[in-house]
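In order, the protein sequences belong to chains X and Z.
Per our numbering: the first sequence = residues 1 to 405.
Per our numbering: the second sequence = residues 1 to 405.
Honestly, the hints are just simulated from the structure, not real lab data.
Even for Gly, the Cβ is constructed at its ideal location relative to N, Cα and C.
It cannot be assumed that every hint is accurate.
Now the in silico label distances, taken between C-beta atoms and shown as ranges [as the list claims (entries may be wrong)]:
| no. | chain 1 | residue 1 | chain 2 | residue 2 | range |
| --- | --- | --- | --- | --- | --- |
| 1 | X | S161 | Z | G135 | 33 to 43 Å |
| 2 | Z | H358 | X | L253 | 24 to 34 Å |
| 3 | Z | A156 | X | E395 | 47 to 57 Å |
| 4 | Z | R349 | X | D248 | 16 to 26 Å |
| 5 | Z | G128 | X | S161 | 52 to 62 Å |
| 6 | X | W122 | Z | A353 | 50 to 60 Å |
| 7 | Z | A156 | X | E133 | 53 to 63 Å |
| 8 | X | S161 | Z | A362 | 50 to 60 Å |
With the Cβ distance kept under 7 Å, some of the chain X side facing chain Z (calculated, not the full set) [as the list claims (entries may be wrong)]:
| no. | residue |
| --- | --- |
| 9 | P151 |
| 10 | D240 |
| 11 | P247 |
| 12 | D251 |
| 13 | A252 |
| 14 | L253 |
| 15 | G316 |
| 16 | A317 |
| 17 | F320 |
| 18 | P323 |
| 19 | A324 |
| 20 | T352 |
| 21 | A355 |
Spelled out, the chains give:
Protein chains: 2
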Amino acid sequence: MAPSRTSPHALTAGVLFQLVRGGEAASRAELARTTGLARSTVSQRVDSLLGLGLLAERGGGPSTGGRPPTRLEFDAGSGVILCADLGATHCRLAVSDLGAEILVELPAELDIAGGPETVLAWVQDRFGELLAEAGRTADQVRGIGVGLPGPVELTAGRAVSPPIMPGWDGVAVPAHFAARFPGAPVLVDNDVNVMALGEYWASWRHTVDDLLFVKVATGIGCGIVSGGALHRGADGTAGDIGHVQVPDAGDALCHCGNRGCVEAVASGGAVARRLVDVGVDAHNSRDVVGLVRAGNPQAVELVRQAGRLVGEVLAGAVNFFNPAVIVVGGDMAHAHEQLIAGIREVVYRRSTALATRHLEVARSRLDDRAGVIGCAVTVLEQILSPAAIDDALAEAEAPPEEATA
Amino acid sequence: MAPSRTSPHALTAGVLFQLVRGGEAASRAELARTTGLARSTVSQRVDSLLGLGLLAERGGGPSTGGRPPTRLEFDAGSGVILCADLGATHCRLAVSDLGAEILVELPAELDIAGGPETVLAWVQDRFGELLAEAGRTADQVRGIGVGLPGPVELTAGRAVSPPIMPGWDGVAVPAHFAARFPGAPVLVDNDVNVMALGEYWASWRHTVDDLLFVKVATGIGCGIVSGGALHRGADGTAGDIGHVQVPDAGDALCHCGNRGCVEAVASGGAVARRLVDVGVDAHNSRDVVGLVRAGNPQAVELVRQAGRLVGEVLAGAVNFFNPAVIVVGGDMAHAHEQLIAGIREVVYRRSTALATRHLEVARSRLDDRAGVIGCAVTVLEQILSPAAIDDALAEAEAPPEEATA
Chain X
1 MAPSRTSPHA LTAGVLFQLV RGGEAASRAE LARTTGLARS TVSQRVDSLL GLGLLAERGG
61 GPSTGGRPPT RLEFDAGSGV ILCADLGATH CRLAVSDLGA EILVELPAEL DIAGGPETVL
121 AWVQDRFGEL LAEAGRTADQ VRGIGVGLPG PVELTAGRAV SPPIMPGWDG VAVPAHFAAR
181 FPGAPVLVDN DVNVMALGEY WASWRHTVDD LLFVKVATGI GCGIVSGGAL HRGADGTAGD
241 IGHVQVPDAG DALCHCGNRG CVEAVASGGA VARRLVDVGV DAHNSRDVVG LVRAGNPQAV
301 ELVRQAGRLV GEVLAGAVNF FNPAVIVVGG DMAHAHEQLI AGIREVVYRR STALATRHLE
361 VARSRLDDRA GVIGCAVTVL EQILSPAAID DALAEAEAPP EEATA
Chain Z
1 MAPSRTSPHA LTAGVLFQLV RGGEAASRAE LARTTGLARS TVSQRVDSLL GLGLLAERGG
61 GPSTGGRPPT RLEFDAGSGV ILCADLGATH CRLAVSDLGA EILVELPAEL DIAGGPETVL
121 AWVQDRFGEL LAEAGRTADQ VRGIGVGLPG PVELTAGRAV SPPIMPGWDG VAVPAHFAAR
181 FPGAPVLVDN DVNVMALGEY WASWRHTVDD LLFVKVATGI GCGIVSGGAL HRGADGTAGD
241 IGHVQVPDAG DALCHCGNRG CVEAVASGGA VARRLVDVGV DAHNSRDVVG LVRAGNPQAV
301 ELVRQAGRLV GEVLAGAVNF FNPAVIVVGG DMAHAHEQLI AGIREVVYRR STALATRHLE
361 VARSRLDDRA GVIGCAVTVL EQILSPAAID DALAEAEAPP EEATA
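Pulled out of the complex, with its shape left as it was, chain X reads as follows (with noise of 0.2 Å):
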């Protein structure tokens, strides 16, 4: 059965539901009372609501004499989210509530270049494993959230021209999903916008608009926040600061195939060769890391370098965007002190002074955990929104389609 379609702006169940969820109303009284609509409307809805699971009703609210009121609350218990957060090299795996409240989690190696049949089969074995470990079944599973290290279509979940990925070119992840959780809705994005959007609602939302987070590790990228949603572009390539020319920094060749990008000398592999070439055995950025946290005074010094060039093209993107924060995340971040020091040092002096009044520049508070969070809002923004609930209530409310030979 085709969807309902309303109007944005009919006071629907799924409308009503979102008042519970945000505070605005915790029973059927107050919905009445904020909506304008009457009681037994309300009512009608809210029993949908109930019987979708996702209200819980709590008695015992004061009472004004008769019967007494029941409390309804948003009941984040009632589904479980999948999610996987995918780096080049390694990954983290979680399953959340509907709160994106981090239930159970795991951080594995992993190679992507293994390609999507083996590395996907892999993922939904281990979120079998997570699931009984958080003591849930794969039906309370209601959606599936995928952070992936390349462009993506988010559209189909499509990775597209991913220059790290290789065998994944035009993938349709949530296909892969389907024969062991039908039915869960899969949602697929670049790895940097899945962070930014985690540490966005975890930690900014209720203060701050406008928020870039940058994520410097085997790759360089940054996820955008504009009026407190994720801005993901027309080709969904916003942020894709990783190839961006930085002048007087040398003429390293990227895996791009240009010169220069900040990618190619100031990510965490390049500070690695770096180190190699004065004699510091380093492969990669936690690597970098180790040794700057030892005390190494090459790596610190490079570390913080890489700082500044990463500061060159934020100095830019902050006269542009003018963000009210700047969170660094990504494996480098671990060796924050040196890496944010660097950063601020050039976009103090490079950005204008306007744009640079108010501005912070923080580290992650999530850390690791900003991808998988990231994908569980991801999922909840979309299965929680008024179209997607009212669109659930018709279909549980619809009669059984009848066999048609």
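Put chain Z on the given structure of chain X with help from the hints.
Same frame as chain X, now just chain Z:
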């Protein structure tokens, strides 16, 4: 009396007004059907809106028996907006209706450095004349929109350290209009934001979510539309690209105190100065445009080169923001073939393939009227919002306050 605050989800008269204005409902019956409100509630709220003059009734919809239903229409002619798009050396003033349709307009020379007293008194005299020309009176003015060539603190309508507006720093514009147009809200924004909004509203809002509007004139600036809304940034300075340094473009001293800013090497004034260097007489953007139109080869070459320099700055913005379209406006866009060719040349070479797959670089369609139309839209978005309508109704229906003491 304090305005009443209601839930953003309540189906107030203001929301019903939006449904009629947006074409979603055109009668009381359709409003009841769309919203689920009782017919009597709808009628009560529609009557209030008719009383305010924002809706009008037209008889003669198709009858279903009984009294023939009347059609409801938004009456864009029920009030007017005064618009002032002020530049450094010239301006455009206009009177629009409530649909941002320009009724009468006046382009004129202006010396913004004359200071706020002189300039704004002059603007008000012209407003009076334009109103008379349009056959309207001051009591029909529903709002005033002003664009200024410098940074603006939005809430107070105050110019903030504007580099090319001596005497305006800290001046709150709205107070200057209070005596002559009491009660009319005065909304002030940066001229480039206003032009971006006008251009987006008039030509792109139905097809595009993410747009950059680049003004190339005496200064260089950029207005940003993200997800259909103007992105002003945390301090209102978003799009301030004039002082991004362009590599290898020389070290011309900029009025901001730095060297090599794109505004110092690619604005109309910069091109005029370079023309003088090669023995061609030119003082400003318009002289440059005149020379290009007359086929002066040095001017053609230098405008093309200015386009390339602007393109250098935009290439980073395209990677970062991934707009669907870049609209080029401002005086210099009158020499648009050369300017846009230069911009395209660099943007398509320097931005990533993914971010430019569908990117369009287009000339402003509104041309010199983008600013005044944007001023009108800025005011309309505020005064016709549901909350503003509900406040106006509350005020209209409140009993007159008793004189106390």
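Here is how each hint holds up against the structure:
Range check, S161(X) to G135(Z): Cβ separation about 60 Å, and the 33 to 43 Å hint is violated. The hint said 24 to 34 Å for the Cβ distance between H358(Z) and L253(X), and at roughly 29 Å that hint holds. The hinted window of 47 to 57 Å between A156(Z) and E395(X) holds, with their beta carbons roughly 50 Å apart. At about 20 Å, the CB distance of R349(Z) to D248(X) agrees with the hint of 16 to 26 Å.
At about 60 Å, the beta-carbon gap between G128(Z) and S161(X) stays in the expected band of 52 to 62 Å. In this structure the hint that W122(X) and A353(Z) lie 50 to 60 Å apart at CB is violated, the actual value being about 31 Å. Distance hint check for A156(Z) and E133(X): the Cβ-Cβ separation is about 55 Å, which falls inside the suggested range of 53 to 63 Å. At about 26 Å, the beta-carbon gap between S161(X) and A362(Z) misses the expected band of 50 to 60 Å.
Interface restraint check for P151(X): the shortest CB-CB distance to chain Z comes to about 6 Å, inside 7 Å, so the restraint holds. Here the hint on D240(X) is kept, as its CB sits about 5 Å from the closest CB of chain Z, short of 7 Å. The criterion of a C-beta within 7 Å of any C-beta in chain Z is met by P247(X), whose closest approach is roughly 5 Å, and the hint holds. Interface hint at D251(X): violated, since its Cβ lies 13 Å from the closest Cβ of chain Z, which is beyond the 7 Å cut-off.
Because the beta carbon of A252(X) sits about 17 Å from the nearest beta carbon in chain Z, more than 7 Å, this interface hint is broken. For L253(X), the shortest C-beta to C-beta distance to chain Z is roughly 16 Å, which exceeds 7 Å, and the interface hint is violated. For G316(X), the suggested interface contact is upheld, since its CB lies about 5 Å from the closest CB of chain Z, less than 7 Å. Taking 7 Å as the C-beta contact cut-off toward chain Z, the hint placing A317(X) at the interface holds, the least distance being around 5 Å.
This hint holds: F320(X) has a C-beta 5 Å from the nearest C-beta of chain Z, less than the 7 Å allowed. Annotation: P323(X) was flagged as interfacial toward chain Z, and the flag holds, the nearest CB pair being 6 Å apart, inside 7 Å. This hint holds: A324(X) has a C-beta 4 Å from the nearest C-beta of chain Z, less than the 7 Å allowed. Evaluation of the T352(X) hint against chain Z yields a held restraint, the C-beta minimum of about 6 Å falling below 7 Å.
Interface restraint check for A355(X): the shortest CB-CB distance to chain Z comes to about 5 Å, inside 7 Å, so the restraint holds.
Hints 1, 6, 8, 12, 13, 14 from the earlier list are contradicted by this structure; the remaining hints agree with it.
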